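Undergrad: These are the residues of each chain, in order.
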Amino acid sequence: MLAAAARRDKAAFAEIAARYYRPVYRLAWRMTGGHADSEDIAQEVFVKLWRNPGQVREAMALKGWLMRVAANGAIDRARRRGAVALDEVPEPADAEPRADRGLERQEAQRHIDRAIAALPERQRLALSLVHFEGLSNIAAAAAMQASVEAVESLLARARRGLKEKLSGHWRELLDGLGTGSG
Amino acid sequence: MDETIRKQIDDVLAGASNPELPAGAMERLLARLDDEDRVVAMPSPRPSPRPMLPWSAALPLAASLALGVYLGAMGSLDDFLPDSVTGEVAVSDDENADLSGVTDAEAYAEEDVT
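So the protein sequences, as listed, match chains E and A.
Just so you know, we're using the working numbering here: the first sequence kicks off at 1 and counts up by one.
Just so you know, we're using the working numbering here: the second sequence kicks off at 1 and counts up by one.
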């Protein structure tokens, strides 16, 4: 499929996009805290691949490459917009505005999204890649151009950070999400 | 990190938003790729030649270089240069003449101004 896309086969490229556009968009969304730029960032990733498909030599490396380019794009845009203070982290846009969703659950979701958005970017990236996109620590390390140990450390710090940021709502969150264990 | 805490955190993370692609996003991407193909490759503009050193900077540099060469030659170039450059500037016939004016200064110091 990648080889066909490299020959500028639009159908093969559309198949790649159909498989990976969603995770790339989700990563951009999380890295920008739900900013409207997320779609632009995701588009840029695929346009870069379309312009120069030779950048990815092995199909196995494709997802990691797409994720890395998306993360870099999101971080670049965030830096151009200027650093955001912790208490100024924007509330992420509602991803799934549905009337039937319970208000408490929506509230919990907002708290969690906001806590994720307030994490330092490398921690947020590691968490997004491993927890939300299901990459192994090794694949995440390759995408982040870091060591596996560094990714593990980032993940541990991200989890600690989240626990701390959400400590005021911890019990409610666990109860509200139906995981009242512990 | 305690395994229970870690599990709790993962459970809480499961409650985070799961953003869906905006409607029509895939179509917009494919349309953009079509646009990419339509872009006519333009020759990249030739880089403009580096501006020459302005006269105001070049002249003192050239003079400085010439002086450096002349002083560095330690007189060996004198035969090739005109007398107006290398010749004596002022020669006094009177060996006792004080061209510096130091003796006059001493006279003034002793208040012998006549």
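Hints listed in this document are in silico derivations from the structure and should not be mistaken for laboratory results.
The structure presented is a predicted model; accordingly, all values stated were derived computationally and were not measured.
Fair warning: there could be bad hints in the mix.
Computed Cβ-Cβ distance ranges for the label pairs, DEER-style [claimed, not checked]: (1) E/LYS48 with A/LEU67: 55 to 63 angstroms; (2) E/ALA150 with A/ALA63: 58 to 66 angstroms; (3) A/ASN18 with E/ARG7: 54 to 62 angstroms; (4) A/LEU67 with E/ASN52: 49 to 57 angstroms; (5) A/GLY24 with E/ASN52: 46 to 54 angstroms.
One side only, chain E facing chain A, incomplete, derived with CB under 7 angstroms [stated by the list, open to error]: (6) TYR25; (7) HIS35; (8) GLN43; (9) GLU44; (10) TRP50; (11) ASP113; (12) ARG114; (13) HIS131; (14) LYS163.
Positions of the beta carbon are idealized from the N, C-alpha and C atoms, including for glycine.
Undergrad: State for each hint whether it applies.
TA: Okay, the hints, checked on the actual structure:
{"no.": "1", "hint": "E/LYS48 with A/LEU67: 55 to 63 angstroms", "result": "holds (57 angstroms)"}
{"no.": "2", "hint": "E/ALA150 with A/ALA63: 58 to 66 angstroms", "result": "holds (59 angstroms)"}
{"no.": "3", "hint": "A/ASN18 with E/ARG7: 54 to 62 angstroms", "result": "violated (35 angstroms)"}
{"no.": "4", "hint": "A/LEU67 with E/ASN52: 49 to 57 angstroms", "result": "holds (56 angstroms)"}
{"no.": "5", "hint": "A/GLY24 with E/ASN52: 46 to 54 angstroms", "result": "violated (26 angstroms)"}
{"no.": "6", "hint": "TYR25", "result": "holds (6 angstroms)"}
{"no.": "7", "hint": "HIS35", "result": "violated (11 angstroms)"}
{"no.": "8", "hint": "GLN43", "result": "holds (5 angstroms)"}
{"no.": "9", "hint": "GLU44", "result": "violated (9 angstroms)"}
{"no.": "10", "hint": "TRP50", "result": "holds (5 angstroms)"}
{"no.": "11", "hint": "ASP113", "result": "holds (5 angstroms)"}
{"no.": "12", "hint": "ARG114", "result": "violated (10 angstroms)"}
{"no.": "13", "hint": "HIS131", "result": "holds (6 angstroms)"}
{"no.": "14", "hint": "LYS163", "result": "holds (6 angstroms)"}
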